[in-house]
Amino acid sequence: MNQIREIFFRLRNEPMGIFGLVLVLLVVACAVFAPFLVTHDPNALDIAHRLAGPSFDHWMGTDQLGRDVFSRVVMGSRIAVWVALVTVSLSLGIGLVLGMMAGYGPKWMDSGLLLLFDTLRSFPTIMFALALVTVFGPSLQTVIIVIVATTFPVYGRMVRTQTQALAGNEFIVAEEAMGAGMMRVLGVHILPNIVGPLFIVASMDIPVVITIEAGLSFLGVGVRPPTPSWGAILNDGYAYIRNTPWIIIFGGIPLIVTTLGFTFLGESMRDMFDPKLRKDL
Amino acid sequence: MEPLLEVDQLRVRFRTKGSVKALLEKDDDPFIDGVMGVSFTIHPGQTFGLVGESGSGKTTLARAVMGLVPVHSGAIRFNGKNLIGLNRGQIKPFRRDIAMMFQDPAGSLSPRLKIRSLLAEPFRIHNRMPDNLPDEIARLLKMVNLSPAMGDLYPHQLSGGQARRVGVARALALSPKLIIADEPTAGLDVSVQGEILNLMARLQDELGVSFLIITHNLAVVRHVSDHAAIMYLGRFLEQGPTQTVFHHMQHPYTQALLSAHASPDPDAVHHRIAIFGEIPSLFSRPRGCEFHTRCPRVRDVCRERFPKAADQEKAHQYFCHFPLSESLQ
Amino acid sequence: MTQPVLDISNLCVNYQTPKGTVQALRHIHLQVPPAKVVGLVGESGCGKSTLISAVIRLMAENAHVAAGKIRFMGLDMQGFSASELRGIRGRDISMVFQDPMTALNPVLTIGRQMVDIQYRDGLSRKKKRERAARMLERVGISDGLSRLDNYPHQFSGGMRQRITIAMALLVQPKLLIADEPTTALDATLEVQIIRLLKDLQTDFQCAILFISHHLNVIAELCDYVGVMYAGELVEKGTVRDIFHRPGHPYTRSLLECDPSVIEEPTRFLPTIPGDIPSLIDLPKGCIFQDRCAHVMTVCRKTPPPAVHLGDHHTAACHFLEE
Chain C
233 MNQIREIFFR LRNEPMGIFG LVLVLLVVAC AVFAPFLVTH DPNALDIAHR
283 LAGPSFDHWM GTDQLGRDVF SRVVMGSRIA VWVALVTVSL SLGIGLVLGM
333 MAGYGPKWMD SGLLLLFDTL RSFPTIMFAL ALVTVFGPSL QTVIIVIVAT
383 TFPVYGRMVR TQTQALAGNE FIVAEEAMGA GMMRVLGVHI LPNIVGPLFI
433 VASMDIPVVI TIEAGLSFLG VGVRPPTPSW GAILNDGYAY IRNTPWIIIF
483 GGIPLIVTTL GFTFLGESMR DMFDPKLRKD L
Chain G
468 MEPLLEVDQL RVRFRTKGSV KALLEKDDDP FIDGVMGVSF TIHPGQTFGL
518 VGESGSGKTT LARAVMGLVP VHSGAIRFNG KNLIGLNRGQ IKPFRRDIAM
568 MFQDPAGSLS PRLKIRSLLA EPFRIHNRMP DNLPDEIARL LKMVNLSPAM
618 GDLYPHQLSG GQARRVGVAR ALALSPKLII ADEPTAGLDV SVQGEILNLM
668 ARLQDELGVS FLIITHNLAV VRHVSDHAAI MYLGRFLEQG PTQTVFHHMQ
718 HPYTQALLSA HASPDPDAVH HRIAIFGEIP SLFSRPRGCE FHTRCPRVRD
768 VCRERFPKAA DQEKAHQYFC HFPLSESLQ
Chain X
1471 MTQPVLDISN LCVNYQTPKG TVQALRHIHL QVPPAKVVGL VGESGCGKST
1521 LISAVIRLMA ENAHVAAGKI RFMGLDMQGF SASELRGIRG RDISMVFQDP
1571 MTALNPVLTI GRQMVDIQYR DGLSRKKKRE RAARMLERVG ISDGLSRLDN
1621 YPHQFSGGMR QRITIAMALL VQPKLLIADE PTTALDATLE VQIIRLLKDL
1671 QTDFQCAILF ISHHLNVIAE LCDYVGVMYA GELVEKGTVR DIFHRPGHPY
1721 TRSLLECDPS VIEEPTRFLP TIPGDIPSLI DLPKGCIFQD RCAHVMTVCR
1771 KTPPPAVHLG DHHTAACHFL EE
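Chains as they are written, first to last, in the working numbering: chain C, 233 to 513; chain G, 468 to 796; chain X, 1471 to 1792.
Just so you know, these hints were derived from the structure itself, not from any lab. Careful, some of the hints might be misleading.
What the hints assert, rightly or not - List of simulated lysine to any residue pairs, SDA-like, C-alpha gap at most 20 Å:
#	chain 1	residue 1	chain 2	residue 2
1	X	Lys1668	G	His728
2	C	Lys339	G	Pro643
3	G	Lys609	G	Gln557
4	C	Lys339	G	His728
Unchecked claim - For each label pair, taking beta carbons as the anchor points, the in silico distance ranges come out as:
#	chain 1	residue 1	chain 2	residue 2	range
5	G	Asp564	X	Ala1505	51 to 61 Å
6	G	Pro511	X	Arg1710	41 to 51 Å
7	C	Lys339	X	Ala1505	43 to 53 Å
8	C	Gly413	G	Pro511	21 to 31 Å
9	C	Gly419	G	Leu674	27 to 37 Å
10	G	Arg766	X	Arg1590	30 to 40 Å
11	G	Arg766	X	Ala1763	23 to 33 Å
12	G	Asp564	X	Glu1531	47 to 57 Å
13	G	Pro601	X	Val1768	51 to 61 Å
Using N, Cα and C, we set each Cβ at its ideal position, and we do this for glycine too.
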């Protein structure tokens, strides 16, 4: 894989990118090895030690039910990473397929899909989430559906524009002249030319998705308690912010770290691969 | 001999407005004509040269023959079978017999594929995988004087001449009977132009393939084609055997086009036929003979109606009220 | 001879690339005399564009002048400050490009652009507009005053190239650099533009450096011609020297390759086989050795001397005699 080697080679000149990469790896490692990192069962109640401050036993203190905040934060990273991966790949996939169909297919298909994209994009995320929760009840699936439904139209529109730009190129006409069908043109010739920039946008969307999940869980329309989502931890800590601020502080730090990590990484990747910004040739 | 390709009164129109908009604006003809009733034939093993300035509709004509733009009326007969009105499945076999070389040598090659995969494309699309694909690709590369090692390169790593030769190799892959070459020498240096044209001539001798060459370069047409046509605003103003068109031209536009070429002799005295301005836009097609806005021999009748063909039966055809062989009073 | 407008002596330009140093121009000697048209002809990769960018001192970041001097009106261009250079580029040297759209701002009327370009002249706006209109009519655009209010896209390709020429001449430059100005145009328009440039040159008496890969255009327009190959000026002379008595084998092959000079129709045209050598790893001896039909052992060992074939005519080849 030459391209991957090239990415790392270029990344060497991007200090912010390396910093971002380190943060991202940290969060991913945390999610992968969560069961080995936790010091307590994240859902075990210990009423005797509720709302305790940071100590040797409870590194980040305990919450109102005496649960270990550190263990909950570590397990929370699993949910965050899981939601981010599932939603971003789903919206990317749906956006790619529908966007390419809109960009390359007949006019009526384009108009129909554009209408769909714009309608979905105009839903306010929170209202949409509340409506879905009323119907299906709060759950991780509901969160994923809400986020996917509101983000794939963004990818879809982007893909459509790029597909249209490519479709006018001579190499696409050359394929059509040889008799290549729509699937072949899209899969072999258009897709490889648009995925690169799309992945960069997606990586910058990951923190957004994590924040939406946290926000929805904070509002109580996300994951069901006692599942340790970062948003749920913040929600728990919110009530006690005056006397025991560490819950909200330690619950917020990983959100900030993840957001910064993916944003730095995404931005430096964009700089590296945007041909207009590239210095060498 | 049976003609290989017979184009009869071909007309290509493009919609300029949506149907709703046209209805609202009471525009009962929201179309422009890209190709306006063109007829010609190409015989097996022959080269037909199509000359025109940019905006003359020559690329549209080529794409119509390839089935890439919808045809309004007329017929395109290939080996006697009309291609107009065939559906996708019915037309696919003909795509093996008619190949196209595109104008932009590197731009017509998919940038993320290696040359090897690009050459395999025609076989994959038509589900005709040869028994030994690597051998077949090496054979194609050799046929156009490229080394088999080129197969590992990407299009942007090739020079213009090399990319053009890959285009030729790809066109040849399925042993077509007709190759449409859109500006085969455009963007190439003079020293390389000859290589491509010689390659095409050699392949014609070896494989008996016919060529439809589209170009604005008159010198190229003069050397390589058996028949030539001069196109202007979607019509053939003059066509016939190349020698006749170049030496006994009848249309003032042909004469002007031929005299417009700069000569490599600094002392040459140019007898230029002054033609004015530029080719009009398709949106504002002039009435009568389309060339009247630039013609030095224009008379009132030219502004009124398009001339009839001088003699339909003859190989040499031209559309002019006052052909050059008739002196003007 | 009077002092040349542009005097390039021993110019060498290198590019630093990850793969090594590209010696894009090597020992170029070229003069542009006042009120003459000098043509530069060569195929892709010969260094024409690098030469122009070196003359107007707008080079790529990784390029630098390794040796040599460029004098404009007797003054060393290297000695000018950035602001002096801007002054020269806007007033004494102007340019016409291949694609007129790159030279015209699409969102401004051409009148606005033609008035703006005269910012150094202390004339009233009205006077400047009148001058612009007269210039438009001079380049063959009738009804100049009302056409000034049009935008570039409202003109056809040939018209736009006429406008860029009008703009270039409006500042009354001493040197006009025309970089492939007719390449994007059809033949009938190409001859119109050449005709126009020729007429204007006689009127304005400015020197023109005309770059093209099209030999015939050079033959028709230029007084002197330089032939470039792979970063070297292999032959230069008057237009008659080059086209009637070409000395260098490259010039001769180039002239033979042109299909329009071959009278008798032939299906097989002459070519120059081979590719240009790598400019990173230059061959010893003559730069044209790999593609030359007359190559001898000496060509592979020593670089050819510049042989004087006439008053203005020199060519770099071992097999030429003075």
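Cβ separation of Pro601/G and Val1768/X, checked against the hinted range 51 to 61 Å: 44 Å, violated
Sort out whether His728/G lies within 20 Å of Lys1668/X, counting only the CA atoms. Holds, at about 16 Å.
Does the Cβ-Cβ separation between Gly419/C and Leu674/G fall within 27 to 37 Å? At roughly 32 Å between Cβ atoms, Leu674/G and Gly419/C fall inside 27 to 37 Å, so the hint holds.
Does Gln557/G lie within 20 Å of Lys609/G when you go C-alpha to C-alpha? It is violated: about 33 Å lies between the C-alpha atoms, which goes past 20 Å.
C-beta pair Asp564/G, Ala1505/X: status relative to the range 51 to 61 Å that was hinted: Cβ of Asp564/G to Cβ of Ala1505/X: about 59 Å, so the range 51 to 61 Å holds.
Okay, Arg766/G versus Arg1590/X on CB: inside 30 to 40 Å? 51 Å, violated
Could you tell me whether the CB distance from Gly413/C to Pro511/G stays inside 21 to 31 Å? For Pro511/G against Gly413/C, whose Cβ atoms are near 30 Å apart, the range 21 to 31 Å holds.
Given the proposed pairing of Lys339/C with Pro643/G, does the C-alpha separation stay at or below 20 Å? Violated. Lys339/C to Pro643/G sits at ~33 Å, over the 20 Å cutoff.
Looking only at beta-carbon atoms, does the pair Asp564/G, Glu1531/X fall within the given range of 47 to 57 Å? Distance hint for Asp564/G, Glu1531/X holds at roughly 51 Å.
Distance restraint hint 43 to 53 Å, applied to the beta-carbon atoms of Lys339/C and Ala1505/X: For Lys339/C and Ala1505/X the Cβ distance comes to about 59 Å; the hint is violated.
Outcome for the supplied range 41 to 51 Å, where the beta carbon pair is Pro511/G and Arg1710/X: 47 Å, holds
Range first: 23 to 33 Å. Now tell me if the beta carbons of Arg766/G and Ala1763/X are that far apart. 54 Å, violated
Against the hints set out earlier in the document, violations occur for numbers 2, 3, 4, 7, 10, 11, 13.
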